[in-house]
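The task is simple: from the sequences and hints, build the whole structure.
Protein chains: 2
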Amino acid sequence: MAEKRPRARATYHHGDLRAALIAAGIDRARTGGPQAVGLREVTRAVGVAPNSAYGHFPTLTELKRAVAREARVAMAEAMSAHLDSVAVSGHPGEAAEAYLREVGRAYVGYALAEPGLFRMAMGGDPTGIRVPAAPGGDDDDRPRPRFHLERALDRLIAAGRLRREDTGRAVMASWATVHGLSIMLLDLLPQLPAAAKQAAVDDALDVLVAGLTRSRP
Amino acid sequence: MAEKRPRARATYHHGDLRAALIAAGIDRARTGGPQAVGLREVTRAVGVAPNSAYGHFPTLTELKRAVAREARVAMAEAMSAHLDSVAVSGHPGEAAEAYLREVGRAYVGYALAEPGLFRMAMGGDPTGIRVPAAPGGDDDDRPRPRFHLERALDRLIAAGRLRREDTGRAVMASWATVHGLSIMLLDLLPQLPAAAKQAAVDDALDVLVAGLTRSRP
DNA sequence: GGCCCAATACTCACACTGTCCAGATACACC
DNA sequence: GGTGTATCTGGACAGTGTGAGTATTGGGCC
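If you're matching them up, the sequences are chains A and B in order. Just so we're aligned: 95 in this note's numbering is position 113 of the first sequence, and the numbers increase by one with no gaps anywhere. Just so we're aligned: 19 in this note's numbering is position 37 of the second sequence, and the numbers increase by one with no gaps anywhere.
Simulated from the structure, these hints should not be mistaken for laboratory data. If you're wondering where the values come from, they're calculated on a predicted model, not measured in any experiment. A few of these clues could be false.
As the list claims (entries may be wrong) - Which chain B residues face chain A? A few, computed with CB under 8 angstroms, are given here:
no.	residue
1	G15
2	P108
3	A115
4	W157
5	T159
6	I165
7	M166
8	D169
9	D185
10	V189
11	L194
12	R196
As the list claims (entries may be wrong) - Far from chain A, by Cβ distances over 10 angstroms, these chain B residues were calculated:
no.	residue
13	T(-7)
14	L(-1)
15	A5
16	I8
17	L42
18	A60
19	G91
20	E96
21	P117
Stated by the list, open to error - Using C-beta positions, here's what the derived DEER-type ranges look like:
no.	chain 1	residue 1	chain 2	residue 2	range
22	B	Y36	A	E59	42 to 52 angstroms
23	A	G119	B	H(-4)	41 to 51 angstroms
24	A	A18	B	P40	20 to 30 angstroms
25	A	D136	B	S34	54 to 64 angstroms
26	B	A181	A	A77	27 to 37 angstroms
27	A	E76	B	R146	27 to 37 angstroms
Just so you know, even glycine gets a beta-carbon here, dropped at the ideal spot from N, CA and C.
Structure (structure tokens):
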């Protein structure tokens, strides 16, 4: 008879509802993308009345922003794991180039492996999310995907393959490449075979590295 | 006293409701992006009952797809106008490179000038739109943004700056760069001064062209 | 020229969403 | 142990997209 469960949990107060809402949001975003994280849906998953969320977030958009922040941290951690698993060594210059390529692979790789969370993390305006541009735009100091990119560029500079004053434009070009690549493979070429996708990533990263390390007039 | 307008138009039948709905969709998308084109909103703008749209589109998503197609055509036309306005001449190789740069400027320029329509045209999955990947994915033969890109790459090949067998990867790298650049400037760096944005575009396009035309092992 | 029919637009209804307001509840502190 | 306050709940409202059934109409046939 499944009584209409007047309360799914033992206590009236939840304990840490804010964190639970974000976790449920991550869960929904993973399978359904940003669109799937709704106020009623998330509160239902936690087992709480819809309006309970308003005690912790002034509006749904703010909840989504918090979920997006968490998704960015998760993405950075996945990238970290990937980067730790591949050891680049040898000639410093080539190692630095290889490292940047690995960062790119990690970025796009996460986008392809977790499209929902990737869109949640980097979806931008149409999803109602503002992705902070500068480091420090997020309020805590846990690493974000941008951290790995800057690390890679620093290594290129240290190896003498990139001029320090070109860092700004290098960030632009690199980020544009990996992000554009992710969106393309996700939205435009979803049914391309995985091998072909990987080849496209490698090709585009080759072009990027070649362009970055080529001395310009 | 504005009677509640039982019928805003003279005739019961509209005449060309399908086209009118798409036009109204373009109008809403221009100012509010893909989110702003809703079924009730669009039909209201046309002066028609909400469900009238179902005679022409099986679902709202299909209407949006049609609007997105139209937005892509509009984008290609704007790019055409830009490309016609700048005359590139001189040494064939450098002219071809300059032409590719202009195509990139036209792409990003449109994204910055008409963010709503750009998102409608190229928004991709989170907006519920599938952007056709291959030429011919759109059913008519009006030019799309991709057309200009391929034209530019053809000129590079003709000028001997790009190998024909590298076309595929060149499309990837170019599209990723311009699209990623657009998203970045729109979502991540919205309040960057226009001049700085233009500089970022030029820098990233420099990197792209350098990478594309550099012979690889 | 008048009639019928298929196309077209409309009305009513439903389930769902985010958000506001007022009230009930339980934890923490004195 | 009583009280204050942060927290959660209930009902309500204006929106949304969509389904089924109904009215209106213009064009093709006699």
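Task: Given hint M166/B near chain A, where the shortest CB pair must fall under 8 angstroms - done: It holds, given that the least Cβ distance between M166/B and chain A is near 6 angstroms, below 8 angstroms.
Task: Nearest-CB test (10 angstroms) between chain A and A5/B - done: holds (21 angstroms)
Task: chain A versus I8/B - minimum CB to CB distance exceeding 10 angstroms, so not interface - done: The assertion about I8/B holds, with a minimum of 16 angstroms to chain A.
Open item on the list: Just to be careful: measuring from the Cβ of V189/B to every Cβ in chain A, is the smallest value less than 8 angstroms?
Closed with: Hint on V189/B: holds, closest Cβ of chain A at ~4 angstroms, below 8 angstroms.
Open item on the list: D185/B was flagged as interface toward chain A. Is the shortest Cβ-Cβ separation under 8 angstroms?
Closed with: holds (4 angstroms)
Task: Non-interface claim for T(-7)/B versus chain A (Cβ beyond 10 angstroms) - done: Holds, because the least Cβ-Cβ distance between T(-7)/B and chain A comes to about 37 angstroms, which exceeds 10 angstroms.
Open item on the list: Given a hint of 20 to 30 angstroms, does the C-beta separation of A18/A and P40/B actually sit inside it?
Closed with: holds (22 angstroms)
Task: Interface restraint verdict for A115/B against chain A (beta-carbon cut-off 8 angstroms) - done: At about 4 angstroms, which falls below the 8 angstroms cut-off, the nearest Cβ of chain A leaves the hint on A115/B intact, so it holds.
Task: 27 to 37 angstroms as the expected CB spacing between R146/B and E76/A, which holds or is violated - done: holds (29 angstroms)
Open item on the list: A range of 41 to 51 angstroms was offered for this pair. Does it hold for the Cβ distance of G119/A and H(-4)/B?
Closed with: holds (48 angstroms)
Open item on the list: Holds or violated: the hint that P108/B contacts chain A, with Cβ atoms closer than 8 angstroms.
Closed with: holds (5 angstroms)
Open item on the list: Looking only at beta-carbon atoms, does the pair Y36/B, E59/A fall within the given range of 42 to 52 angstroms?
Closed with: Once the Cβ atoms are compared, 46 angstroms apart, the range 42 to 52 angstroms for E59/A and Y36/B holds.
When each numbered hint is compared with the structure, no violation occurs for any of them.
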